[in-house]
Amino acid sequence: KLVGSPRHADVLLVTGPVTHQMRDRVKRVYEQMAAPKVVMCVGTCGQSGGVFYDSYNLDGPIDQVIPVDVYVPGCAPRPEAIIYGVVQAIAKLERLEKEVRS
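If you're matching positions, the sequence shown starts at 1 in my numbering and goes up one per residue.
Warning: the hint list may mix true and false statements.
Claimed, not checked - So the derived label-pair ranges between C-beta atoms look like this:
hint : residue 1 : residue 2 : range
1    : V51       : K98       : 38 to 46 Å
2    : Q21       : S102      : 23 to 31 Å
3    : G16       : I90       : 16 to 24 Å
4    : R78       : D24       : 14 to 22 Å
5    : R95       : H20       : 30 to 38 Å
6    : T19       : S102      : 36 to 44 Å
7    : E31       : V86       : 35 to 43 Å
Simulated from the structure, these hints should not be mistaken for lab results. Since the structure is predicted, the reported quantities are computational estimates derived from the model, not experimental observations. Cβ atoms here follow ideal geometry from the backbone N, Cα and C, with glycine treated the same way.
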């Protein structure tokens, strides 16, 4: 379910490029999430900068800012790919929760 606070979230969905202004905000949101947590990067812009690759304002791909567990490629990604990515993120979260309980 969707929640209004990172403290209650299990999965962080990142779309779009990481700008200088967003770098610290993304880190802060990630740090506020309770473990276990999963990060899902949707689209080429978050993974490599996409069409904004050479932009002066880009701070690199998201995996240079926070760890990413699931990548969904594409510009724009197909709906089926996004759904598959969500399924992969949920499976990863279930594995992490099982490890925590053990």
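Taking the hints in turn, this is what the structure says about them:
no., hint, result
1, V51 x K98: 38 to 46 Å, "holds, 39 Å"
2, Q21 x S102: 23 to 31 Å, "violated, 40 Å"
3, G16 x I90: 16 to 24 Å, "holds, 22 Å"
4, R78 x D24: 14 to 22 Å, "violated, 32 Å"
5, R95 x H20: 30 to 38 Å, "holds, 34 Å"
6, T19 x S102: 36 to 44 Å, "holds, 39 Å"
7, E31 x V86: 35 to 43 Å, "violated, 23 Å"
In summary, the numbered hints that this structure violates are 2, 4, 7.
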